[in-house]
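Novice: The lines below spell out each chain.
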Amino acid sequence: MTQILSAPAVGERSPHPLLAARGIGHSYGRRPVLTGVDLQVRRGELLGLLGPNGGGKTTLLRTLFGALRPLEGTVMFDGRPLEQLNPRQIAQRIAVVVQEPQSELMLSVADMALLGRTPHLGMFSRRSSRDDAIAAAALEKVGALGLAHREVSELSGGEKQRVLIARALVQEADCLLLDEPTNHLDIGYQHQVLDLVRSLGMTAVVVLHDLNLAARYCDRLVLLDRGRVRADGEAREVLQPELIGALYGVGAERTAAYDEVPQLLFRRPEGAGDDT
Amino acid sequence: MGLSAVLCVGIGPAPVPPQTTAAVVAQKIGWAGDTGATPAEVSIVIDIRLPRVVMGLAVGAALAMSGAVLQGMIRNVLADPYVLGISSGASTGAAGAILFGLGAGIGQYALPVSAFLGAMGASLLVFWLGHAGGQATSVRLLLGGIAVGYALSAGTSFLVFSSDDAEGSRTVMFWLLGSLSLARWDVLLAAVTGVVAVGAVVLMLLSRRLDALAVGDETARALGVGPAATRLQLLTVVSVCTGAAVAGAGVIGFVGLVVPHLARRLVGTVHARLLPVTALLGSGLLIWADALSRVLMQPRELPIGIITALIGAPFLLLLIRRMYAENT
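For the protein sequence lines, the chains are Z and P, in the order given.
Read in the working numbering, the first sequence has 68 at position 68, and its numbers run on one by one without any break.
Read in the working numbering, the second sequence has 309 at position 309, and its numbers run on one by one without any break.
Incorrect hints may have been included.
Said to hold, decoys possible - With the C-beta cut set under 7 Å, the calculated list includes, among others, these residues of chain Z facing chain P:
1. ALA67
2. ARG88
3. VAL96
4. VAL98
5. GLU100
6. LEU105
7. MET106
8. ASP111
9. THR118
10. PRO119
11. GLY122
As the list claims (entries may be wrong) - Not close to chain P: a few residues of chain Z, all C-beta gaps over 12 Å, as computed:
12. GLY25
13. GLY54
14. GLN92
15. LEU185
It should be emphasised that the hints constitute simulated quantities derived from the structure, not laboratory data.
The C-beta atom is built at its ideal place from N, Cα and C for all residues, glycine as well.
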């Protein structure tokens with residue numbers, strides 16, 4: 001079943017990074033949200049996008065799939081400006097897991113997964129058995145095939161994220177973007193979802209709040225604060241206690257998990273007073 | 001549905017047995033010979049009831065589909081052409097055509113065209129108000145729709161009040177309550193059925209985009225579907241269909257609100273399945289409501305809007321109770 005989810009169409013030996021943002025600047029009204037942001041997403045890596053609230057993570061992610069056209073700078077997909085592709089072509093190459101407010105939608109899990117075929121189906125083309133097979137394979141891959149006939153609105157948070165990831169897989173894209181996929185999930189589901197993303201082996205960018213979770217699952221971390229890239233590298237380079245403490249306004253100290261993955265411990269903000 | 005139509009043709013102050021109806025229609029299209037029906041029965045079936053039923057089928061389908069599309073695209077189950085002020089826009093346009101001869105230059109098309117222009121104007125206004133100063137939320141759109149609807153109803157009343165044309169005013173008032181009784185084999189009937197048929201096809205072509213939009217704007221973008229452009233396309237088709245429905249039968253409430261709920265319970269929210277079922281149920285509801293309106297207070301005829309409201313309101317309450325019970 002799984003070979004139906006075809007290998008990336010983009011040449012593995014292309015000299016360009018799969019996705020690259022160059023000098024991205026954007027503002028809402030007069031408030032700048034992104035300033036001179038450079039970002040490269042290499043083939044096959046899982047990139048974590050971190051930073052305090054309002055730091056520009058989601059805005060940057062939205063520019064990466066053309067949902068937002070930045071006022072300055074360009075986004076390149078496989079060496080080509082993203083704006084040369086129309087929205088449908090972009091959706092064939094870049095799949096996105098976005099969080100939408102829960103609605104009273106009556107949609108089965110299978111139908112939700114099939115929505116991922118939208119960019120591949122023209123207005124006049126009908127859904128084929130191949131589309132059904134692709135959707136089934138994707139649901140199987142995320143371990144949600146058994147949920148196919150359930151209503152999406154009845155699913156638990158963790159199950160729903162799996163289904164949304166399946167929908168993204170159904171797009172058969174080269175690259176996956178995820179906006180806070182662990183939001184509102186308990187710690188078990190948070191790990192399950194990121195473990196799943198990791199196991200897909202796809203080029204992926206994930207916006208995360210939890211620094212320790214990011215350190216465990218991502219190959220590389222980019223830290224955004226007030227619209228600028230503050231750090232870019234492996235977890236041990238990016239998760240510097242002084243930097244983190246300054247950006248988030250908390251005390252931080254560095255430790256390591258059983259397998260040497262760097263992890264942070266947090267204290268109350270400096271100057272907030274002692275318990276003693 | 002065919003059976004429903006045949007039965008409904010027979011119902012009225014002068015009942016016609018279904019087999020006679022079928023025979024008369026069969027003869028008319030050359031499938032059968034002598035029917036044994038009296039000339040009066042032939043006349044009732046062909047000249048009076050049949051155009052009414054055809055108009056009912058078209059109008060019911062148009063209103064129900066419009067409701068389903070609006071509910072999907074603004075993701076709120078309270079949306080329908082009436083609530084969003086689109087029906088009111090159409091009736092203002094149509095009242096202008098009846099009372100002041102707007103667009104008289106295009107003859108019999110003046111009524112449907114001005115109804116459509118009114119509908120389109122109202123829906124653009126509602127969506128413009130909804131988007132002004134930021135992201136449109138469904139609550140803002142609904143409130144905007146209600147406001148525009150009230151303003152346009154007042155506008156229609158003003159048109160009626162300021163017109164010297166007493167006959168025209170009576171026509172408008174009668175028609176604001178909704179009725180299929182004016183349906184004849186004429187250009188209007190042809191225009192309405194044609195427009196609704198084309199509208200249904202276009203909506204089916206757009207149904208996949210509507211599916212994406214029904215999940216959310218950002219999901220639509222992620223799937224390569226531009227939310228604003230898609231909404232405008234859908235809104236245009238809905239305005240055309242609502243304009244046609246209002247031109248054909250006046251303002252009929254509740255069909256667009258209630259029928260999509262029922263259809264969604266039957267087949268879910270995938271619009272390629274939902275829209276045909278919605279159209280069928282809407283057609284069925286309207287021709288049966290029209291049949292009831294002919295017989296309930298014989299020999300007088302009730303405005304059909306009263307029947308649809310009487311059926312629709314309790315049904316809606318039932319749905320709300322069910323929905324509430326499931327969510328707790």
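Novice: Next, verify each hint and record whether it holds.
Specialist: Against the structure, the hints come out as follows:
With 7 Å as the threshold, the beta carbon of Z/ALA67 comes within range of chain P, its nearest partner Cβ sitting at about 4 Å, so the hint holds. Because the smallest distance between the Cβ of Z/ARG88 and any Cβ of chain P comes to about 4 Å, under 7 Å, the interface hint for this residue holds. Satisfaction of the interface hint for Z/VAL96 is found here, the shortest Cβ-Cβ separation to chain P being roughly 4 Å, below the 7 Å cut-off. This hint holds: Z/VAL98 has a C-beta 4 Å from the nearest C-beta of chain P, less than the 7 Å allowed.
A cut of 7 Å between beta carbons decides the hint on Z/GLU100: the least distance to chain P is about 3 Å, and the hint holds. A cut of 7 Å between beta carbons decides the hint on Z/LEU105: the least distance to chain P is about 5 Å, and the hint holds. Of the supplied interface hints, the one on Z/MET106 holds, with its beta-carbon coming within about 5 Å of a beta-carbon of chain P, less than 7 Å. Checking Z/ASP111 against chain P: minimum C-beta separation of about 5 Å stays under 7 Å; hint holds.
Because the beta carbon of Z/THR118 sits about 4 Å from the nearest beta carbon in chain P, less than 7 Å, this interface hint is met. Look at Z/PRO119: its Cβ gets to within about 4 Å of chain P, closer than 7 Å, so that hint holds up. The interface hint given for Z/GLY122 is violated, since its Cβ lies 9 Å from the closest Cβ of chain P, which is over the 7 Å cut-off. Taking the minimum C-beta to C-beta distance to chain P, about 21 Å, the non-interface status of Z/GLY25 holds against the 12 Å cut.
With a minimum CB-CB distance of about 17 Å to chain P, Z/GLY54 clears the 12 Å threshold, and the non-interface call stands. For Z/GLN92, the shortest C-beta to C-beta distance to chain P comes to about 7 Å, within the 12 Å cut-off, and the non-interface label is violated. A cut-off of 12 Å between C-beta atoms confirms that Z/LEU185 is not in contact with chain P; the least separation is 19 Å.
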